[in-house]
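**Student:** Mind docking chain B on chain A? Use the hints.
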Amino acid sequence: MDHNSNGGGSHQSGHTNNQRRRHNQSQKPDGPKREAILDLNKYTEKKIRVKFIGGRQIIGELKGFDQLMNLVLKNVEETLRDPEDDHVLTKEKRNYDLVVVRGPSLLTISPLDGSGEIENPFAQSTE
Amino acid sequence: MLPLYLLTSAKNQPILVELKNGETLNGELVNCDSWMNLTLNNVVQVSENGTNFLKLPECYVRGNHIKYMRLPEELMDYAKEQTLLNLEQRNRNQKRRTGGNFNNNRRNYNNQGNRNGGHNYRRNNNNNNK
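So the sequences go chain by chain: A and B.
Reading the first sequence from the start, the letters are residues 1 to 127 in this note's numbering.
Reading the second sequence from the start, the letters are residues 1 to 130 in this note's numbering.
These are calculated hints, taken from the structure and not from any lab test.
With a straight-line cut-off of 30 Å between C-alpha atoms, the simulated DSS-like cross-links for lysine-lysine are:
hint, chain 1, residue 1, chain 2, residue 2
1, A, K33, B, K80
2, B, K67, A, K91
3, A, K93, A, K74
4, A, K47, B, K67
5, A, K63, B, K20
6, A, K63, A, K91
Sample of chain B residues with no beta-carbon within 12 Å of chain A, all distances over it, derived:
hint, residue
7, I15
8, P72
9, E73
10, E74
11, K95
Here are some chain A residues pointing at chain B (derived, C-beta under 10 Å):
hint, residue
12, A36
13, L40
14, I53
15, G55
16, I118
Cβ coordinates follow ideal geometry from the N, Cα and C atoms, glycine included.
Here chain B stands alone, though its shape is the one from the complex:
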């Protein structure tokens, strides 16, 4: 389970983000990118000393400056489920694709050229999956 994958599966869920300056942001995760920059909705921003509470409809946060995040506990199971579903989906797509016209042509062409089609075919498919 990669941290950023776990985080992406927390979309639309309430999370708590603490920044390096001690401020905390409570809000619903809208989006995140590979730098851990976040966009949050319905945020309550708590100042570093915990006395001031600011309501923000939206907020963008630099991933660079995040100390830690707290995610819902059930998220781990949900994320695992999602990755499984995703794998399945990808396999299904791949099957559909290899049944399609383009790849059929290609496969035949390769088989003719190389005569040990089996190996080559598999390698080709792997490349496709990347």
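Next comes chain A alone, as it looks inside the complex:
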């Protein structure tokens, strides 16, 4: 009897521990997250702009991705840079069919939809 209740007790405490951990994660408003902060599902089959560490920039349709943010892109178009100045993008493009992008070399990801060049929005504030 005693032994039995002991076993039950330890099981229960383990359960509450698990619960608490889950509870904490959802409830903790401060502290940085450990799970993914970007849901790439919403970008699947959509065009996204991807910048790489080192300065390359591509646009492509997202076909797949994984936990490490490796991406599979289709119909990819790389915006080429000025050979003299790496920071300047040219009008020149280069096309690829299917590309696997390595997650660790990603810099930024943004959807192409709704993005575009604009006038300097800080013009008044700098006056």
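**Tutor:** Structure of chain B alone, referenced to chain A:
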């Protein structure tokens, strides 16, 4: 005040991020993780030479490649408030929990076994808090 905690309390507020390549991103912080990767909303991306301005509805940024960020000045006070509130909340939760059934059982069991229940009880509670 830890940097990442300060950053997390900047959620939904406009921040400026400068990347190592000199580009800057102005936008509302949506989320950040423990690697300082960020998601931003309504971003204005300014090129490294400050001449091109790109509007992006959303943007994900690698924390690895961030040079620095500028946060709203009032954030420090707000973050302090939040941590205090959080502590309070946690204490309250703990009280509720120790009043609950599970822990009561456990405590009794431990007390019986060890006979110096006070110490053991406290240690147990500390463990619970982690």
